[in-house]
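Chains as they are written, first to last, in our numbering: chain A, 2 to 115; chain L, 239 to 352.
Don't read these hints as lab results, they were simulated from the structure. Keep in mind it's a predicted model, so treat the numbers as computed, not measured. Treat the hints with care, since some could be wrong.
Covered stretches of chain L (chain A as the covering partner; in silico rule of three or more C-beta atoms under 8 Å from a C-beta of chain A) [claimed, not checked]:
#1 240–248
#2 327–333
#3 337–351
For glycine and all other residues, C-beta sits at the position ideal for the given N, C-alpha and C.
Here is what each chain is made of, one letter per residue.
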Amino acid sequence: DAGVIQSPRHEVTEMGQEVTLRCKPISGHDYLFWYRQTMMRGLELLIYFNNNVPIDDSGMPEDRFSAKMPNASFSTLKIQPSEPRDSAVYFCASNPTGQNTEAFFGQGTRLTVV
Amino acid sequence: GDSVTQMEGPVTLSEEAFLTINCTYTATGYPSLFWYVQYPGEGLQLLLKATKADDKGSNKGFEATYRKETTSFHLEKGSVQVSDSAVYFCALRRLTGGGNKLTFGTGTQLKVEL
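Only chain L is shown next, with the shape it has when bound in the complex (with noise of 0.2 Å):
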């Protein structure tokens, strides 16, 4: 079945530091992939998608290319802020086959220090 790998966690990081978070999938097909981040006590929210092979998404400063060779989907900030810190979320999903339910990874804490 479908899977997705995140690197454990917490990630700390200094304020301006890069940011690399790391994400592989198992799927058959062709599904989409996406991030999302949850803040401390709030629900999850997109972060940004990508939906065919080599196409990248952005947002906010983040960014992470669907690399089709190598099932993966890494997540990178050039400079993260005290405000990023929160999960992370890798996800897949399929419509054909997959059910149209997304595939979420076990998620990565990060956080940032002044």
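So that you can see chain A by itself, here it is in the shape it has in the complex (with noise of 0.2 Å):
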């Protein structure tokens, strides 16, 4: 398996601009999971979900962010309108049900709002 792949890597956008951020988890895992990641707050839950569905949202920010996962290869997560504090650096991770289990991580989308 590929491991956990995130799009972009890289994404520079103007405020105001809608942003989606992308993410494949790794096959058979059933747990998906979105992370921010900045210097001033570090690494914060944003959102995850179980077989597809939103279990926890409360770490979104506000109603600017949003997450989906319409199936179980695939979660997206979007901003609209974007904002300069939304820099960052995102991360996706999955891992299989069980309290013991490793949780893989993407490489991570560096957002960029000027």
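Two independent chains are provided; combine them into the complex using the hints.
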């Protein structure tokens, strides 16, 4: 397996534009997580899914953020409209069910909003 | 709720020095404990884990022992190398009552110099 695949790796956009980040989890993993990492706030869990159903979205900062998982092999995180304070590295991770299982992270999308 | 506390960084060491990064946790029940490492420009990857009290996880010369009496999982390495320079994250997971999501500490940056 190629691991968790995120696209794009880098995104530069203007304030007010819509941004869509994409993630393909590892096949067979039934949990998918979206994280945001910044110098100021560290690593934050935004939302996670189990079997394509959102379980906890309490980390989503505001209504401008939305996430979907239409099937087991694809998820999106959308920011509309984007703001400069959304600039961060966004990670997707997946793991199978189980307390002891390893979470596999993608390489992240570095988002810059100017 | 669950939480993980790590020592503040950055930690700067000379090559071949001994490393300790402290980690303590708060959680009900019996969580599993993990150390993840993030190299520059990459996502997090599992370094080691321990799934029950007194277990010792080890990998690449790093070790950590699950101490339930002190709720700790300190990371140690006897002789660090420049290539160990990275950010280290302590984490816990509880399947029952914890939603199977990882709870991360804030991360500790390690810099190893020649």
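Handout entry: Coverage of the region 337–351 of chain L by chain A, judged on three or more residues with CB within 8 Å
Key = As far as the region 337–351 of chain L goes, the hint holds, because 7 residues have Cβ atoms under 8 Å from chain A.
Practice task
Check whether three or more residues of the region 327–333 of chain L sit with their beta carbon closer than 8 Å to a beta carbon of chain A.
Solution key: holds (count 4)
Practice task
State whether the coverage of the region 240–248 of chain L by chain A holds or is violated, taking the criterion as 3 or more residues with Cβ-Cβ distances under 8 Å.
Solution key: violated (count 0)
Hint check: a violation occurs at hint 1 only; the rest are consistent with the structure.
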